[in-house]
Structures are given as structure tokens and as C-alpha cells.
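There are 2 protein chains.
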Amino acid sequence: MAKDPRFNILFTPLKIGSKTIRNRFYQVPHCNGAGTNSPGMNMAHRGIKAEGGWGAVNTEQCSIHPECDDTLRITARIWDKGDMRNLKAMVDHVHSHGSLAGCELFYGGPHAPGLETRTISRGPSQYNSDFATVPGCPGFTYNHEADKDELNRLQQQYVDAALRARDTGFDLVNVYGAHAYGPMQWLNPYYNKRTDEYGGSFANRARFWIETLEKIRKAVKDDIALVTRCAVDTLYGGKGVEIGEDGLKFIELASPYLDLWDVNIGDITEWGEDAGPSRFYQIGHENDWIRHIKQATTKPVVGVGRYYDPEKMLQVVSSGIIDIIGAARPSIADPWLPRKIEEGRIDDIRTCIGCNVCISRWEMGGVPFICTQNATAGEEYRRGWHPEKFEPAKSTKDVLIVGAGPAGSECARVLMERGYVVHLVDARDKIGGYVNDVATLPGLGEWSFHRDYRQTQLEKLIKKNKQCQIALGQKRMTADEILDYGASRVIIATGSKWSTNGVNHRTHEPIPGADASLPHVLTPDQVFEGKKVGKRVMIINYDPYYMAPSLAERFARAGHDVTVATVCGLGAYMDYTLEGANMQRLIHELGIKVMGETACSKVEPGRVQLHNIWGDGYKREFKGTGQLPRRENTSHEWHECDTVILITSRRSEDSLYRELKARKAEWEKNGISDVFVIGDAEAPRIIADATFDGHRLGREIEDADPQHQKPFKREQRAWGTAYNPDENPELEWRL
Amino acid sequence: MAKDPRFNILFTPLKIGSKTIRNRFYQVPHCNGAGTNSPGMNMAHRGIKAEGGWGAVNTEQCSIHPECDDTLRITARIWDKGDMRNLKAMVDHVHSHGSLAGCELFYGGPHAPGLETRTISRGPSQYNSDFATVPGCPGFTYNHEADKDELNRLQQQYVDAALRARDTGFDLVNVYGAHAYGPMQWLNPYYNKRTDEYGGSFANRARFWIETLEKIRKAVKDDIALVTRCAVDTLYGGKGVEIGEDGLKFIELASPYLDLWDVNIGDITEWGEDAGPSRFYQIGHENDWIRHIKQATTKPVVGVGRYYDPEKMLQVVSSGIIDIIGAARPSIADPWLPRKIEEGRIDDIRTCIGCNVCISRWEMGGVPFICTQNATAGEEYRRGWHPEKFEPAKSTKDVLIVGAGPAGSECARVLMERGYVVHLVDARDKIGGYVNDVATLPGLGEWSFHRDYRQTQLEKLIKKNKQCQIALGQKRMTADEILDYGASRVIIATGSKWSTNGVNHRTHEPIPGADASLPHVLTPDQVFEGKKVGKRVMIINYDPYYMAPSLAERFARAGHDVTVATVCGLGAYMDYTLEGANMQRLIHELGIKVMGETACSKVEPGRVQLHNIWGDGYKREFKGTGQLPRRENTSHEWHECDTVILITSRRSEDSLYRELKARKAEWEKNGISDVFVIGDAEAPRIIADATFDGHRLGREIEDADPQHQKPFKREQRAWGTAYNPDENPELEWRL
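Residue numbers (my numbering), protein chains in the order written: chain F, 1 to 735; chain C, 1 to 735.
Keep in mind that a hint or two might mislead.
Calculated lysine-lysine pairs in the DSSO-like style (CA-CA distance at most 30 Å, straight line) [to be verified]: (1) F:Lys312 - F:Lys294; (2) F:Lys218 - C:Lys710; (3) C:Lys239 - F:Lys497; (4) F:Lys713 - C:Lys239; (5) C:Lys593 - F:Lys619; (6) F:Lys430 - F:Lys713; (7) C:Lys619 - C:Lys664; (8) F:Lys661 - C:Lys193; (9) C:Lys619 - F:Lys535; (10) C:Lys312 - C:Lys215; (11) F:Lys619 - C:Lys239; (12) C:Lys312 - F:Lys619; (13) F:Lys294 - C:Lys619; (14) F:Lys249 - C:Lys593.
Hints were generated in silico from the structure; no laboratory data involved.
Use the sequences and the hints to build the structure in full.
Set out below in C-alpha cells:
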């Protein structure tokens, strides 16, 4: 199909200093877990975006010097020739598709804990980071107040890094001053308490940043375009940077030195105010701040706000709020988003659901990222997976998939893309499985985009190959029916259910009296099915993610009195998805009572017995066989309630798979060569990983052992190979 | 000096299957953050232990297959030829010093979250991990219940990994069944709920482990010695493995298949019960369980218990409790511990203080480890630092060090070892600085070993070079005095102090009314100085480590009513040092009231105003300049108390350094070439990092810019180099 001409403005080139971006799609810097130590992963992940139409593609935050070391979190680095070589792989790949490559110059100050290099950072004043540089531990990392020597040295580090970026082949260098990093610590009076010419007045606080831009410009001239990423409002009123004060003043002051603005809002401690999860923030949520920027500058402006919808992109560019669509998460969910708009394939866009699972992996540190919607994100190099290209079917063996949840529907999609004949069967009247339930939780409506994408694609694929089928609203299939079905391959994707008797990770046993067949005890599955809930709700929680706070919110909003007894932090994983802070505010606002460090001993009609998990005494001694080494827990107490909701653990719905496996002897005579189990039916996991598992089997189904993952390319240093040509890897003491 | 013959038994060789260990010192497997991806770091760190007299040196936990992927935590892997090449660097180095090299075969089940490989693990039953595979998130990771095919496949993974270990050159392979890993999940009824011949009775639960040992033995024959690491008591009575039941039964049953036992206690969720911090556990703390083992086996036994003291080692081996001293932490604090015993240099041993900062880095994930006592730990390869060897002085420039805390005393030690003339000056009457205070906190007495080691060494070094001096109990030096002193180089190591006015990481401002010059307001420094404390103590805490819980314990034990208002988890970092669980039990037991998510708004005589940090509403909207985007926090409440202790942040005591720097013009005429600042005086940090900083300057003082760290060797994949000789690093889609 052809492009709708209404979108022409999004495909109009624009000058950025000495460079020209070919359209209005700009992948803003975002982390992906590759750093510079996985150059193949970084190259392929960014390169595919250039191929998919992003006119500019940036690195993630790229540390300018070992004094900025974000370990345990993974970032890129441009410290030396080794880093330049590794980054050049990305630059070349991006250039091969006609896009600009940008490098974001990152200096974290005390927000980067230096746990690899063991360095101390410099800043305008001495402070310890408000960000949890180590998870759970805000305030852990301190910096050093720079005197003028140190301040000049830091500016020189920026200049040297910019020159290395130029020599690597980058088209844009971006001085990173958003998310409370780098020069923002000098501009922001929240951090800057200096009394010399670098502190106090706006002009003084802006001096470090302006001088840095000047020095870089002088060094790189017009060889590359100079960008700065700037938070125009730090969202804490006059104690920080406000759009109506320092924000716009700085835009005006710094514009002459720049070729492009990359703007957003917020800081690092609550950077979910920028990378807003869909639970709290909708598309374009920054515009009340961003809409003022162009009053203060004639330079082009990139803005973000989880722009996944072409209509909204058109609107924000046409109305002149921004010139270029910046995107991180939408470009991860669909690296080919611009190309799909250009080709008139809007309904093929794989829309970001705003779950922030991508971000959660950076937050926890040390882990490559993943995407709930795009199972190929991060897998482009190591597994050779292209998000839009599929290996043609290698056999004519047809496939029956039982279960159309995240794993089953994604597996069906990949197999159909490859040309296999697939029948997809589910008891529900929609594809999506568990996602249909989860998307009814407060704030999680956009998670249904996961289902919608697969539904649209499967409908198209079925039209292309009439032998494929989707059978919804079916009676659950039995093993006999599957054996008789006539498929060569069977894939079981029957998902998982919440424990009905309180089995949990602390005891690995049921909770006495917990029985969801009783009227007053519910599992989340039964909540979704509509089982009745009384006035006083007690949620017994052992799960670290969204279910407990989401059900607490749902019932509190519906007027119930809600208490949550939880052994772990309530929604602890949501700190990693940047949903945590506002979820805690919401819990507080709704008057939900949270009992932390609390486990459930017993359930009875009308009450539960709870205990503090640390109530068993700190002294340990050997008392002989059959004796616990600590005293009895003395903290058991009864609490009254009308309804108990058990969020204790999940269990695979795998009886069908196990029966088929046990009847392997009958496969051959029924023409079945393989029976596989995928997704939650193999082991419960988050939606992203269930989707990945279905995708993986679709890609690997002709391999030697498709039930188990095929090895992937690893990016690890090989002993004896050179890091730099002039480096000897052998051991030498400093003697 | 010569070895005391009493220690001869510790230097008696012992047969371990077809191998012979040359003495009774065995570095048990422990993580160090090298994994297989930093082969140089691993080689050098382990190799120095062989050089230092450890008769056997093991890898860290070494994953047998990609299905066991512990990412975000770093472990070794023996998956393929690339790993073998990287591990061989260690094996060769260990062999070059006459020691045995061991490989610990690790399969984590759901305790390994698979965040890099995205695999699912197998186990006897389906369960989710009781361990926080992601920090803060126990229960996050699930496994798959293995049927017999899967169970056999898993055993074959062990066999294949053992063969790769043999082919890499290892002398020992260790089937890791401690810390709730691998075959322990089959033996332990806490996890194993099977009803077939692999579950139920002891014999059935032991079957998986025994078969695995049999299969490995059949494959490797006597080429290597076969070891198993086993927790003989999981410390939760009859629901787990007890020494008096399954523990000894298993020792008896499995002994015929083994050449060596490596035993301990506990599980992974509370593995501080094994790797016990000195706060709770003293040397030999496992012996009430371990002393029974030799009743059940004739095979040699390695046991652990933070053995740093040669007398205790002698006692436990002579009395026949164990045959071989196993050690992880003592071997990190002093890699040359056995050699120092052998050479009669007992007082040179650098004793582990049991702070578990080494472990904290593995726990948080993605980070190389460090040691509080041994600044060279992890630095052997990348910085070329040998713990016992020092580059001779490169100049005759003498050095004045002001401040004999962790940074100053370590810097003095290194410089004196190198042959520099050093004068070390401090106002206290002891070296050790802040450590002298910290070691008076409840449970932290052994942290004084940090001071004791340096004191002993400095006294010895001064005897060797009479020009060196230590001047304690001195009046604080002024800048004038320093300029007049006559030293060529000046190092300022004056430490830091706790904020006296409540400056904290949330506001970066003082707390109104917080003023430690008032009688009812104290800093921790004033507590150590003996300032008076009233009956009702309110601790205002913004610090994530040990100070708040330690002072709470101290005052609660002394009969005060203690409340802690804390913005972050109380002692959150202590979850990483494995002190967390018992500290929480202790807080509960002592009746200390903890108010979480609570910050301080104001301090007044007799009361403090506190607020919930999430009390400001979850809705954010743009309200114009000067307006906060959220509603006012409505949760402020007054709380009565007699004394307020401010644990809000630390600030460098750097005025002396800044004055000297400002008077740079006067240096030359006073014969001063350099003035440096190190440790907390540059920026507050943990003791390990302050010690490191002093050490670093001592090593690098002749470099071009000694104030700033010299670059180190990096171990990062270089794009374009081969991982395996037959591998093409170029991008190729799976098409």
C-alpha cells in the first residue's frame, strides 16, 4: 500500500546543523543492556531501526570517562579505542540504511555509583544521590565538589569524548542534561549550592553547561551536529528547574550553540515521569510542559511522550509543538514503525503497551533488555532474529496449537508468517488468554494492545493461507481429541492458574484453611470470573509484581475496605518498571492498609491468622533432630475479614501436555511427530517471556531439539584476544 | 621466620581420589564477579591464592548449561569451548603454583532467573524461588517439573559439563548441592513433592543426586577427583534436611561415589547462615552441625566457618571434625594466609572482618567484588596489583599524610612498603579513624581487625625505616603547619562527618529545626563522643546501610524506647551483606518501632514532624510556574521524643584540603610538589572503597595525575575478534 499523503510532513527532511535527517523519526537515546561490551547486540538492535525508517538512531547513554561508571547498570562507554571500535559497528550499520547516528555523552555524577571503576564523580556541590544507585538504597553514592581545576577537567572530558564520537563516525553528539545527569546538576539549584560564578543566579548555574557546549563546538566545529538533551521542568516547583523560569531561559540562552534540542521532563529518581508507564500516563503526556519550548528557540526540537500512534504524531508536529518525533519504547516495540507508516501499513504497527518491562531490566542492572510486544528485541544479533523477516517453512508438517494466549498466539503468528499450516484453538472467545484478564485491571487497559496486534496479524495471515484456522470459544480439548486431530505437531500453550490453596514460595506448601472452593476465598482467576467479594477484603500476597496492588486498587475504588498482608514489598518489581512511586502514592491515597513483612499462617471463615516473618528470634543454635534452630514465632495474630484473596503463586496448566507425553507410544500411529509445551504451561513467567517462548519455538521448530532453546552467539571476551591491538592480555604485576 | 611445628598437620598432604592436595588449605568455590567473561580477573585472583599456599583453588559456581543462567548475578559458565578457554587461564595459573584446580558444577533451578538466556530450569516439582532472584522480589522465578526424559537430560548436562571440566584441565569436579542448588532440590522435601521413584522416601529423594554422581564417575573415571558440596542441615527442622536425619544418611549413602566432601549448612534464601557475617556469627559457627559428619564417612571432609585464625584451624583439624580447612572470605582478605602460617608470619595475616561487602556485590548483581581488608582483591589483573608485592619507590620525595583512618593508614602502609619516607599524623590516639567508632557498634567488634592489621604492619615498617613516623594524639594540623612541615608531598585523609543539620538525599537541604548544637539533637559522631541521649529516642534515617539499625540496637539494648523513621528500608544494604534477615529479627525482638516510607519535615524540642513520602497524591498536572504538579502532602504528623538522632548524610571534612589547594602558589617555595585528597575527605564512601583509594594512591603516586585513577585493563569483547575460532562475528539474520 502507499503512504497516506496526510503523513507527508513526517517524511520531510530537516537540516540539523551540517547534517540532514531524512524524516521526522528520531530514536532518542535509550538503554538496551548491550553497553559497549555487546557490540553485536547494539549494532543489530540499532541498525534494524535505521532499516525500519528511523531517520536518526542514538546510542544509549554513553559514558564519557571512567569517572562516570553506572555499573551495576549497563551503559555504553566511549572511553578508549576499544569502545570506539565497538560503537563503530553500530554507526556503520545505521549509516548503511541512510540514517544519522547519534552519541549521547553521559556523565552521571553520583547517580552513577562507579561499582566497576571505583571512581568518584565531580559536581557543583557535594551531595549523595537521591536515586537508588543500588536497588533499595537511595543515598548510597556521594560525589566530590569540583573546584575550578576539576570543573575544567570535567569539561575537557566532554570535549575529548565528543572528538572520539566524531572520529567513530557519529553524526550527532548529544550533551545529556536530562534525567538529572551531567550539566543539569549545575543548572538545577536542587543540587547546585555553589557561591562562586558557577552557582547562585540562573546565569551562574547555566555557565557550566554553556561553557561545555562552547568548548565542544570549538573542538568539533561543524563536523558533527551538536544536540543537548534537557529536562525543561524537573517537576518539583521552584526548588528545581521550572519550564516557566529556568527551563525556557536556558532554552533561549543555549540555542545559539546548538543544532537540535531533545527535550523532556523530570529527573532520574522518578524518571517514570518521563518514561511514563501506561498505567499512569498516556501518549503525549509531556505536552503541557513541552508546548512552550518553541517560543524560546528557532532550532528544531525533538520531543517524546510514547508516540506510538501516527495520528498523534501528525498532530503534534503539524501543530508546531515539536519538529521531530522522539521515541524510545515505541521504537523498541516496533523498529519498523516509520516504514509501516510510509508503506501505508498502519494496522501492522506493533504498539508499545507501556508496561516498561524494557526499562525494568536496566533498573535492576546487569541484564539485557526485553520487550513484551517485540520478542525479537535484543535477540537480533545473538539469535539472528529480524522482527519483520522470517525463514520460510522447512517442512509441510502442520501444527495444532492449543491455547491462544501470549505464547500460543505469538507462536501461531510466527509459524504462519513462515508458511506453516496452523490451527489455533482456545476455549475463550478471544485470543490473548490471560492478557484479556490483566487488561481489565485498573490502569492496564493498554496492555490489550498485545492481544490486538496478534489478532490483527493472525486475521491477515489466515486470509493469505486458507488452510490456517483459528477456533475460539471451543470446549477444552482432551488428549484423545488431540491425538485424533490429524496434526503432525502439537503445541500445548494452556497457560497457568493462581494457586487455589495458598501454595507459596516461603513454605512451598498450602496455607492451612486456604481453599478457593469456599465462598469467602478467591484466587485472582476467580476475581476475573466474577466470584463475589465481601466488604472487608484481605489480600494475602506473596507475589512481587502487579497483581496485589492492582486488585487492592480495584476493590478500594469499588468501596471495599482493603488490607494487604504481604511478605515482600507490595508490587516490588514495579520499582523497576517505574510504576512504583505513583502506585505507592495511589495505595496511600486510597487508604489501603498494607502490612509488610507479614505472612499468613491460617485461613478460617471470617478471619485470617497472620505473623511477622521476622518473629522467630535472631539467635540460632543446634537443638537436636526435629528441633528448629530458632525459637517459635510468637507474632501470630488473627485479623477479621469477609473475603480472602490468595495471591500466593501460579501453577502451570500442564495436565494435557503431561498426558500426551505419557502417551508418546500413540503418537506415531496418529501421525504426530512432536508435542511441545510453551509459555506459562511450561513454567509461569511474565508476559514478555511467554511471548518470547512462543516466538522462539516458531523460529526453531525444525531444529534438532525444538523444545529446548538453540544456543545463541555469545559476546564474551575470549582469553588471548586483543582488546586493543597494542595491549598484551597476559598477566603482569605492577612491579 | 620458620613455621611453628605445631602447625605441621595443616601442611600434611592428603590423597583426594587420584589427586593429592599438598596441604590442608582449600579455597571453596566463591563468586568474585569475574564470571567467565573476565578471564584475566579470574585467573589472577585465583592464581595468587595458589601462590599464597592454598592447596586447592576452586572456580566460583560454574553453570553447567545455559538453562542455568544466574544473570543478573555473575557466575562462571562451562557451556562451550569459549568458556573452557577462559577457565583454562585460571587452571594453568593455579597449576603453575602446584595447587589443584576445582570446578563447581552449578545448576540453580529457579534460584537462577535466566535473565540473559531466557531459559526455564527443571526440578523435581514445580515451584517458584524463595530466593529474591531479582533484588526485593522473592517468588519471581518459576521452574518446570521434570519428567523422566527431562531428568535424564539434566543428569546428562552434569556429565557433559564434568567432561568439559576434565578437558579444561581441572583436577576436581564438585557437584554443587549446597545453598539449595542442583541435586539438593531433589533431596530436600521442602522442594521435592514427587510421588514417583524420585520423591517421597529418603532413598527416592536421594536418587537423582546418587545417579548423577554415578554417571559422572562412569564418564570421568579416575581422571579427576569427584567432590560434592552438600548442606547437611537446611536449618528448618523436619520440613527440610536435618543433620540427624537425611543429612548423615546422605553422607553415608553417597560416600562410595565420592573422593571428597565439601560440607556446610543452610540454603540460598538465607545463605548468611553459612557465610555468616561477624555481626551474628563467629569463627567455626557451623561446627555444632559439622562435627557429626565424620561418623558417617571415611572420605576426607572440607568444612568452612570463616577460618581466619590458625589456632582455630589447628584445633578443628586436630580434633578430627574436618580434614581440610575450607575458606572463601578469609582467602579473599588474605590470599597468602597459608603461606604466612608456613613462614611463621602469623601476625602478618590480614584477617577477614566478616563484613560481607564481598558478598554484597554478588547479591546486587552485575558488579565485580571488592574486599574491605584487601584492597587488591579483584584488582590483581586489571591494575596489576599483587597483594604482597610492591613496586619500589621511584623517587625520594617524602610524604606527609594527615589522617590515619582507612584511607590514610592504608596509603601510608603501601608507601612505606615501597620504601617512601612517610609521616602519618592523626588527632586520635589510635590509627583507624572512623573504624574505631564503628567497631563499638553492637556486633561489629571484629571490624576493628581492619585497624589492627594496619597498626601491626605500620609498626613493623617503621622499625625497618627509622625515618618514617606515626604521630597520634596530635592537635589538628592547620594549613600553615602543613606548608611549613617540609614534606614534598601532602596527602589529606581527614575523613567525613555526619550532617549536623539534616541535609539529606531527598531535599539536599537541611531539615528545619535540625541542629546538632542543641542538646536534644545528635549526629552519630556525637553519639560516639558520648553526648547524652534521653529515654525516647527518635532516629531520623536517610542512610541505607548499618548506622541506623546499629544505633537503634544500641539504644534499645540500653533500655531506651527507640523509634526509627526511615525513608528507605532500614539497613537496606544489609540485605546484600546477608546481615538483613537476622537484623530484622533483632529489630523485631528488641521492640524497636520502625516507620517506613517516612521522612522528617521539622524538628522541635520534644517532638519531630514526620510525613509519609507518598502522601502527595498520584495525579500530576501542569499548574503553572511556582506551582507543584502534585497536591500538597497531607500526611504530616507530630511525634514526641526526647532525643533526635540525625542519620541523614555525610559530608567530607575537606576544608584543610581546599585551603591548601587555594594556596597552591605557596607550594613551591615550601618544597611541596603535590597535595592530594583521598578517601572520605574526597567523597564519603564505604570503608572498603576508602581503603582502596588510599592503596591506589600509594601505588600510583608517581603517575602523571595521581589524584585521578590510572586507566586499567578492560575485559570487554572487541568487535571483530573471534569468540570461537569457527565463529563469524558478523551479523546474519536467521533467514
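message: Let me make sure I understand: some of the numbered hints might not hold for this structure. Which ones are they, in numerical order?
response: 4, 6, 7, 10 and 14
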